[in-house]
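**Student:** So the sequences go chain by chain: A and B. So in the numbering used here, spot 225 of the first sequence is number 290, and the numbers just go up one at a time. So in the numbering used here, spot 164 of the second sequence is number 172, and the numbers just go up one at a time.
No lab work stands behind these hints: they were computed from the structure. Careful: at least some of the hints might be erroneous.
[Stated by the list, open to error] Taking CB as the label site, the calculated pair distances span:
{"no.": "1", "chain 1": "A", "residue 1": "Val89", "chain 2": "B", "residue 2": "Ala168", "range": "54 to 60 Å"}
{"no.": "2", "chain 1": "B", "residue 1": "Gly76", "chain 2": "A", "residue 2": "Gln187", "range": "49 to 55 Å"}
{"no.": "3", "chain 1": "B", "residue 1": "Leu242", "chain 2": "A", "residue 2": "Phe80", "range": "38 to 44 Å"}
{"no.": "4", "chain 1": "B", "residue 1": "Lys153", "chain 2": "A", "residue 2": "Val318", "range": "53 to 59 Å"}
{"no.": "5", "chain 1": "A", "residue 1": "Ile216", "chain 2": "B", "residue 2": "Gln37", "range": "34 to 40 Å"}
{"no.": "6", "chain 1": "A", "residue 1": "Val318", "chain 2": "B", "residue 2": "Ser62", "range": "25 to 31 Å"}
{"no.": "7", "chain 1": "A", "residue 1": "Asn285", "chain 2": "B", "residue 2": "Tyr11", "range": "54 to 60 Å"}
{"no.": "8", "chain 1": "B", "residue 1": "Thr218", "chain 2": "A", "residue 2": "Ala343", "range": "47 to 53 Å"}
{"no.": "9", "chain 1": "B", "residue 1": "Leu72", "chain 2": "A", "residue 2": "Leu289", "range": "52 to 58 Å"}
{"no.": "10", "chain 1": "B", "residue 1": "Tyr170", "chain 2": "A", "residue 2": "Ile209", "range": "54 to 60 Å"}
{"no.": "11", "chain 1": "B", "residue 1": "Lys153", "chain 2": "A", "residue 2": "Ile144", "range": "41 to 47 Å"}
None of the values given here were measured: they were computed from a predicted structure. All C-beta atoms, glycine included, are put in the ideal place defined by N, C-alpha and C.
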Amino acid sequence: MDVFTPLITAFDLPFMARALLVLVVLSLVAGLVGVLVNLRGLEFISDGLTHAVFPGVAIGFVWGGRDGLFVGAMAAALIAAVVLTVIVKRAVTSDAAIAVVFTAMFSVGIIVVSRETNYVGQLDALLFGRLLTVSPAEVNQTVIVCLIALIMVGFTLKEQVFRAFDREGTVAAGYRPLALDIVLNVAIALVVVAASSAVGNLLVLAVLIVPGAVARLVTNRLWLLFPVAAGFAIVAAWVGLALGYEASVNGGVDLPSGATVVLVLVAGYGMALVARLALDRIGGHHRTRRAVGQLAEPVVH
Amino acid sequence: MGYFEQALLAAVLIGALSGLVGTLVVLRQRTFFAQALTHATFPGAVGAAILGVSIPLGAAIASLFIVGIMTMIGRINRQGNQVASGILLTAGFALGVLLQGLNPSLPVKVDSYLVGSILTVTSNDVTLVAVVLAFAVLVIVFLGKQIVFSTFDANGYRAAGYREWPIELLTLVLITATVVTAMPAVGAILAIALIAAPAAAARIVSRTTTQMFVIAPVLGAVSGLVGVLLSRSLDVAAGPAIALAAAGLFMLALVLQRLAGTVRAAHEADARRALRRSLRLKA
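Construct the entire structure; sequences and hints are all you get.
**Tutor:** Following this line, the structure appears as structure tokens:
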């Protein structure tokens with residue numbers, strides 16, 4: 066069983082175990098939040114949020130090092146999520162405006178980092194994470210932030226799903242879509258914060274959207290989407306970490322761990338896509354009839 | 009021409025090109041697509057640097073792949089364009105980082121592909137931008153009417169006997185070419201600001217699409233110019249400075265629109281009050 070031993074032995078090392086722990090926690094949240102992102106079609110908004118959190122990360126980092134990074138990111142995330150929700154709600158702006166505003170914020174972050182004298186390498190770490198050097202304190206922060214996001218979305222899950230499929234129905238039933246949107250956007254922003262030290266600001270988007278997209282390919286049953294997404298993310302994280310470890314220890318190739326995990330996620334998506342296409346071809350017209358309990362297309366507002 | 013003058017020229021040309029093509033992006037609502045494309049050219053550029061071929065060439069080849077895959081995923085049931093863009097976007101970053109990690113001896117700093125380094129553009133880069141700009145201007149001048157028609161009324165366009173795919177293909181080619189040529193200057197992450205902001209600002213201030221096609225390139229060129237000058241006087245990176253200049257113009261347009269709106273509202277209120285008063289006097 067030569068192929069599979071690295072899947073276990075690699076995690077005897079404490080830093081590998083920490084990396085795995087961080088990714089597993091992130092995966093659990095991604096299973097919940099990511100599926101909602103997919104159902105609501107919030108991929109673009111999520112991308113905007115990752116960019117919007119970046120100046121907070123940068124300013125926090127310049128001001129107080131690794132601890133400051135966390136505080137700054139938290140503040141930026143909360144502000145960005147609320148502002149974004151209001152902007153989208155008032156519909157004064159288009160996709161272009163969102164892209165412009167958040168790229169501008171990203172630019173501010175870059176300028177703040179680039180003014181630092183010892184900026185070489187720092188930018189890389191902020192953008193792409195340093196999965197293998199997360200400290201125990203950072204693991205705790207990640208777990209707590211993820212837990213908050215999980216609780217926020219977990220307690221409103223039924224309403225969020227309702228909102229995804231029938232906005233008018235949600236309003237008519239007495240829920241407030243704006244509040245639900247703020248809860249979800251803040252949760253997305255919290256995932257961005259939680260992931261920023263481990264996978265970095267640019268790769269966190271993969272954690273948010275790939276598992277949800279895979280789940281949609283795998284199953285049509287709504288309540289299966291969440292465990293499938295989380296399970297897929299965990300397996301991908303595990304395999305990705307082991308692969309990176311194996312490559313650098315035995316292959317002598319220094320794979321960046323965050324990027325490896327993301328590419329394993331994407332490769333998994335590719336396989337799911339091909340499998341789904343093949344199944345659809347075999348299944349033919351059976352698939353066009355929608356059985357009771359299967360998932361209709363959510364309405365994107 | 010010194011390197012600074014060359015950088016200024018490059019910034020102006022790239023700004024104009026981005027503004028012009030950005031108008032198509034904004035009108036056709038392809039912002040997220042363009043953003044995914046800008047991000048996904050990153051691995052192409054890193055690959056090109058590793059192989060020692062021209063950066064825009066590598067980015068262009070990567071873009072071809074990406075557009076192909078994106079079109080394919082976009083057609084699949086339950087996936088759609090946003091998912092396709094998002095996944096390719098993040099895959100592009102990961103692949104770029106991976107390629108960089110595999111080649112630590114890379115002479116060029118990879119950061120510069122992310123945020124651009126306009127001070128190091130070559131005269132070849134500038135020539136390339138000029139050629140693409142000329143092509144884009146020709147397309148807009150001769151085919152602008154068809155493009156606008158198909159953008160605003162796809163059904164009418166088909167009913168009038170035109171076919172849609174040549175226009176779609178043409179706009180894709182233009183967007184890709186712009187993204188690829190803008191990348192050395194403003195980088196993979198920030199290019200979208202230069203593409204979307206001038207066009208979005210132009211959309212606010214102009215009354216017709218023709219005006220948009222004129223105003224957006226001008227605003228883009230101004231962003232490029234202001235950004236490079238600011239970056240020198242304030243000693244900050246040029247790419248972010250250009251992106252911020254473009255975003256600033258967009259904000260300015262928004263504020264102007266609001267002011268014009270309040271002025272108009274005040275006028276209307278005055279007029280109503282005057283009318284009421286005259287009615288009262290008569291009674």
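**Student:** Within 52 to 58 Å or not, the Cβ separation of Leu72/B and Leu289/A?
**Tutor:** violated, 37 Å
**Student:** For the pair Lys153/B and Val318/A, does the Cβ-Cβ distance stay inside 53 to 59 Å?
**Tutor:** holds, 54 Å
**Student:** Would you say the C-beta atoms of Thr218/B and Ala343/A sit inside 47 to 53 Å of each other?
**Tutor:** holds, 49 Å
**Student:** Quick check: does the Cβ-Cβ distance between Lys153/B and Ile144/A fall within 41 to 47 Å?
**Tutor:** Given range 41 to 47 Å: holds, Cβ gap about 44 Å.
**Student:** How does the Cβ-Cβ distance of Asn285/A and Tyr11/B compare with 54 to 60 Å: does it lie in that range?
**Tutor:** holds, 58 Å
**Student:** Lying within 54 to 60 Å: is that true of the beta-carbon distance Tyr170/B to Ile209/A?
**Tutor:** Since Tyr170/B and Ile209/A have Cβ atoms about 58 Å apart, the given range 54 to 60 Å holds.
**Student:** Using the beta carbons of Gly76/B and Gln187/A, state whether their distance is inside 49 to 55 Å or not.
**Tutor:** violated, 36 Å
**Student:** Measuring from beta carbon to beta carbon, are Ile216/A and Gln37/B in 34 to 40 Å?
**Tutor:** The hint (34 to 40 Å, Cβ to Cβ) holds, given that Ile216/A and Gln37/B are roughly 36 Å apart.
**Student:** When you take the CB atoms of Leu242/B and Phe80/A, is the distance between them in 38 to 44 Å?
**Tutor:** holds, 40 Å
**Student:** Hint says 25 to 31 Å; check whether the CB-CB distance for Val318/A and Ser62/B agrees.
**Tutor:** holds, 27 Å
**Student:** Take the C-beta atom of Val89/A and the C-beta atom of Ala168/B, compute their distance, and say whether it sits inside 54 to 60 Å.
**Tutor:** Cβ of Val89/A to Cβ of Ala168/B: about 57 Å, so the range 54 to 60 Å holds.
The structure fails to meet hints 2 and 9 from the earlier list, while all remaining hints are met.
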